[in-house]
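Colleague: Residue strings, one per chain:
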Amino acid sequence: MSDAPMNEGRPPRANLSVPHADALDKAADVEGRSLWQDAFRRLQANRAAMISAIVLIVMAFVCFVGPVLVPWSYEEIDWDILEAAPPNFDTGHYLGTDSLGRDLLARILQGGQVSFLVGILATSVALVIGVTVGATAGFMGGRVDQVLMRFVDVMYAVPLMFFIIILMVVFGRNFYLMFLAIGFVEWLTMSRIVRGQTLTLKNKEFIEAARASGGSTISIIARHIIPNVLGVVIVYVTLTIPQVILLESFLSFLGLGVQPPMTSWGALIAEGAQEMEITPRTLVLPAVCLSTTLFCFNFLGDGLRDALDPKDR
Amino acid sequence: MWAYFTRRLFIAIPTLWVVITVAFFLMRLAPGGPFDQEAPLPPEIMANLKAAYGLDQPLWWQYVNYLGNLLQGDFGPSFKYKDFSVTELIGQGFPVSIQNGAAALFLAVLVGIPLGAMAALRQNSGADHAAMTVAMTGIVIPNFVVGPLLALVFGIWLRETMFALPVAGWNNGALPNRILPVICLALPFIAYIARITRASLIETLRTNYVRTARAKGLPFRMVVLRHAFKSAMIPVVTYLGPATVFLLTGSMVIETIFGLPGIGRYFVQGALNRDYTLVMGVTILAASLVIFLNLLVDMAYAWLDPKVRYE
Numbered sequence: 000m001s002d003a004p005m006n007e008g009r010p011p012r013a014n015l016s017v018p019h020a021d022a023l024d025k026a027a028d029v030e031g032r033s034l035w036q037d038a039f040r041r042l043q044a045n046r047a048a049m050i051s052a053i054v055l056i057v058m059a060f061v062c063f064v065g066p067v068l069v070p071w072s073y074e075e076i077d078w079d080i081l082e083a084a085p086p087n088f089d090t091g092h093y094l095g096t097d098s099l100g101r102d103l104l105a106r107i108l109q110g111g112q113v114s115f116l117v118g119i120l121a122t123s124v125a126l127v128i129g130v131t132v133g134a135t136a137g138f139m140g141g142r143v144d145q146v147l148m149r150f151v152d153v154m155y156a157v158p159l160m161f162f163i164i165i166l167m168v169v170f171g172r173n174f175y176l177m178f179l180a181i182g183f184v185e186w187l188t189m190s191r192i193v194r195g196q197t198l199t200l201k202n203k204e205f206i207e208a209a210r211a212s213g214g215s216t217i218s219i220i221a222r223h224i225i226p227n228v229l230g231v232v233i234v235y236v237t238l239t240i241p242q243v244i245l246l247e248s249f250l251s252f253l254g255l256g257v258q259p260p261m262t263s264w265g266a267l268i269a270e271g272a273q274e275m276e277i278t279p280r281t282l283v284l285p286a287v288c289l290s291t292t293l294f295c296f297n298f299l300g301d302g303l304r305d306a307l308d309p310k311d312r
Numbered sequence: 000m001w002a003y004f005t006r007r008l009f010i011a012i013p014t015l016w017v018v019i020t021v022a023f024f025l026m027r028l029a030p031g032g033p034f035d036q037e038a039p040l041p042p043e044i045m046a047n048l049k050a051a052y053g054l055d056q057p058l059w060w061q062y063v064n065y066l067g068n069l070l071q072g073d074f075g076p077s078f079k080y081k082d083f084s085v086t087e088l089i090g091q092g093f094p095v096s097i098q099n100g101a102a103a104l105f106l107a108v109l110v111g112i113p114l115g116a117m118a119a120l121r122q123n124s125g126a127d128h129a130a131m132t133v134a135m136t137g138i139v140i141p142n143f144v145v146g147p148l149l150a151l152v153f154g155i156w157l158r159e160t161m162f163a164l165p166v167a168g169w170n171n172g173a174l175p176n177r178i179l180p181v182i183c184l185a186l187p188f189i190a191y192i193a194r195i196t197r198a199s200l201i202e203t204l205r206t207n208y209v210r211t212a213r214a215k216g217l218p219f220r221m222v223v224l225r226h227a228f229k230s231a232m233i234p235v236v237t238y239l240g241p242a243t244v245f246l247l248t249g250s251m252v253i254e255t256i257f258g259l260p261g262i263g264r265y266f267v268q269g270a271l272n273r274d275y276t277l278v279m280g281v282t283i284l285a286a287s288l289v290i291f292l293n294l295l296v297d298m299a300y301a302w303l304d305p306k307v308r309y310e
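If you're matching them up, the sequences are chains A and B in order. For the first sequence, position 21 matches number 20 in numbering that gives the first Met the number 0, and the numbering has no gaps at all. For the second sequence, position 270 matches number 269 in numbering that gives the first Met the number 0, and the numbering has no gaps at all.
No lab work stands behind these hints: they were computed from the structure. Don't take every hint at face value.
[Said to hold, decoys possible] Here are the computed lysine to any residue pairs in the SDA-like style, where the Cα-Cα straight-line distance is at most 25 Å:
(1) B:79 / A:254
(2) B:49 / A:254
(3) B:81 / A:169
(4) B:79 / A:170
(5) B:229 / B:169
Sequences are here, hints too, so could you generate the full structure?
Modeller: Rendered as structure tokens:
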């Protein structure tokens, strides 16, 4: 598609007497393909990754828009039922109710919102800290690098899950704190990856050129280093999101995540596990949603890695 | 090399100190205390209780005291389990957790490495795709889903058959009681180890020295076992370091689901009950374990890869 001539609206060139002028003319008109366009094309060719991306978009959309269309809200108790009832279209419980008579569909959608929000926000926290620390350490080198990377080493040796649990207990399972706490745990690997990339970049000529033309350290990091490590970062972000979602579900499963009546997929799984011998549906449905999401993010991440890192092609 | 590892051991001490300090003060920031009940205790009794546990002292003094006792190997008394010291509780719980963890890790290596190697040797075949799909499934279905499902199948649906397995309790470590928790704990490891083994073996098989070995006429079997395998194991060994952390958190879930008296469950219960000393004790134990195992992994690394030199 890209080799279609793009010269509409341009005056026709004078017919030169060079034999292959036509061919030359065409070659000049071939639009250059950037690294990103190339990567996107490779990604499009990867069917599993594309399907995963579409499934994820649909799921996120349904989770955030769906509750408007469901007749029940996630915290409303249907006083006529008060037990785990099977799906019933007359009462508007399309997937039935949980053991307290709350609409299961509404709760799954609300749980999905929490999972997606945690995934994106906590990963953003990790992204900002990780990229800043990694790029600074790699670019500045010397003592700054030493101090930052020793700190990362020390943090690696700390069983951080234990600290998240302590934090959640201390601050009363605050919703926003959970994003922060998870983000603070996940930035370590990100910073190491970015540092490694920065180290290879910083001796390249274009950085030297930027420095020679008077760019300050901060502007070189922001304008030249960060855009160039973006590919690797995007891949890692896509693979971090499912880890974060899993972490949140894990906390909620232990009763340390979001607080009732709010819910998340992990909390729903914990509730469902209590009554699975009577209504396996309450365990299986949220579990399927969670696993599908994790599956898709992992496939998308693998696909992006193949697309952005053409080494193995 | 020994100088390097000695230095690593010395770095471990400040790391542990940071862990202890942060955990100590975080716990004390928490609203509520270990003696809160629904019906509040009379103030005199509360004061006596606090005095008995040293909680009436200024915080910095409690901290100094705690560190002092810790140096003598004393983790202090548990606040919730009366008449038990934290050392005793950990002494009871740790063997349970470590046995499960070791068994799970062993199972994961035993299944994961052959699975990954098989996939690598038949790259892009049906068997490869099947193995990797199974591995991905093991990663995306968390063990807090697998646990209840296994309990449902083996505890309820199959309860009348010969396949019935106990789904809760430790029963002094009877073998049937261990089967489901260990499988459940091992599944994600099997998946990760299989994926890592596959990727690394594929890469190793493309290296020049493997090509040389084949060119001089060695049978393929020998090439894989003698030449490729050892260096292909490096990423797997590296993964075992983070895996221990994973194992610790995994045991929190598994022990909660299957009602096992291990340290993971003690930690979750302790955090919910504000049992300061118990939470501290388990955290310190976990941190020491992680530091120690990372060190072991680095040593294994030096042995597997002659290019690695520590100064």
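Colleague: Hints first: check each against the structure and report whether it holds.
Modeller: How the hints compare with the structure:
no. : hint          : verdict
1   : B:79 / A:254  : 19 Å, holds
2   : B:49 / A:254  : 28 Å, violated
3   : B:81 / A:169  : 23 Å, holds
4   : B:79 / A:170  : 21 Å, holds
5   : B:229 / B:169 : 38 Å, violated
In summary, the numbered hints that this structure violates are 2 and 5.
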